[in-house]
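**Student:** Take a look at the letters that make up each chain.
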Amino acid sequence: MSEEEQPTKIMFVMRKPPHGSIYAYEGLEVILISAAYEQDVSVMFMGDGVLALKKGQDTTELGIKGFAKTYGVLEGYDIEKIYVDKLSLEERGLTEDDLVIDVEVLEPAKINEMMNEQHVLMPF
Amino acid sequence: MNYTILIQEGPYNHTASDSAYNFIQAALEKGHEIRGIFFYNDGVLNSTKLMDPPQDDRHIQKRWTELGEKGIDIVICIAAAKRRGIAEENLAPGMRISGLGQLIEMGITSDRMVTFGS
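Order-wise, the sequence lines are chains A and B.
Residue numbering for the first sequence follows our numbering, beginning at 35 and increasing consecutively.
Residue numbering for the second sequence follows our numbering, beginning at 2 and increasing consecutively.
A hint or two may mislead.
Cross-link-like lysine-lysine pairs, in silico, DSSO-like; alpha carbons within 27 Å at most [unchecked claim]: (1) 83(B) - 103(A); (2) 115(A) - 144(A); (3) 115(A) - 103(A); (4) 83(B) - 99(A); (5) 43(A) - 120(A); (6) 89(A) - 103(A).
Rather than coming from a laboratory, the hints here were simulated on the basis of the structure.
Can you make the complete structure from the sequences, with help from the hints?
**Tutor:** Written out as structure tokens, the structure is:
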């Protein structure tokens with residue numbers, strides 16, 4: 035395979051909480067579209083971004099359509115590299131069991147290493 | 002080098018549009034290429050031709066139009082635009098409305114993607 039045919043490494047970095055602004059939701063829309071391009075896509079949740087994956091979200095009183103369930107379709111789109119920053123989870127009193135999908139929890143040093151390998155880092 | 006620029010914030014309210022513009026000017030002066038500029042989130046509001054700032058201020062939409070008319074591909078995300086009332090009727094010259102796939106394609110086909118957001 036020539037260099038040009040290698041899939042491009044694209045990492046979406048989800049930093050914003052799910053409610054209060056539209057970044058997490060519109061970011062998710064980009065992730066879903068990216069699946070159609072058959073590249074090497076990964077998603078990194080860090081900072082308040084990890085809250086988007088928290089189980090039991092109820093947006094009824096906010097009057098905003100919730101989208102936590104949509105993360106569940108990522109696997110069906112062949113987006114399986116879903117990572118969460120260990121420190122961000124711990125700081126918010128969360129564990130993997132509190133999240134709506136299976137993720138790989140990573141140490142900050144590993145995240146740093148993976149980010150350095152990406153061709154495109156897209157922050158939301 | 003060949004750059005894609007992603008802009009996620011609206012004009013005036015946030016400095017992202019100004020920073021992106023300054024970055025692009027500097028890159029062009031140094032002989033780099035701009036593969037494309039993609040407006041997403043509130044960034045799509047940069048594209049309204051109804052923008053009419055006070056005369057002693059910079060006109061952010063006209064800056065983008067000038068770059069578009071120089072041949073830089075400027076794309077406004079259709080999904081984000083529909084939410085925010087941007088359509089062909091009020092789209093400024095020198096840019097086009099298209100899908101998010103354009104952003105992914107720009108990312109794949111450029112050397113660097115630089116994001117201006119909050």
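**Student:** Can the restraint linking residue 115(A) and residue 144(A) be considered satisfied, given a maximum Cα separation of 27 Å?
**Tutor:** Roughly 14 Å separates the two Cα atoms, so the pair holds.
**Student:** For the pair supplied as a hint, residue 83(B) and residue 103(A), is the alpha-carbon distance within the 27 Å limit?
**Tutor:** holds, 23 Å
**Student:** Next pair to validate is residue 115(A) with residue 103(A); report whether the Cα-Cα distance is within 27 Å.
**Tutor:** Given that 27 Å is the threshold and the Cα spacing comes to 17 Å, the pair holds.
**Student:** Given the hinted pair residue 43(A) and residue 120(A), is their alpha-carbon gap at most 27 Å?
**Tutor:** Distance of about 22 Å is within 27 Å: holds.
**Student:** Residue 89(A) and residue 103(A) were given as a pair; does the straight-line alpha-carbon distance stay at or below 27 Å?
**Tutor:** holds, 9 Å
**Student:** With a cut-off of 27 Å on the C-alpha distance, tell me whether residue 83(B) and residue 99(A) pass.
**Tutor:** holds, 17 Å
Going down the numbered hints, you'll see the structure goes against none, and every one checks out.
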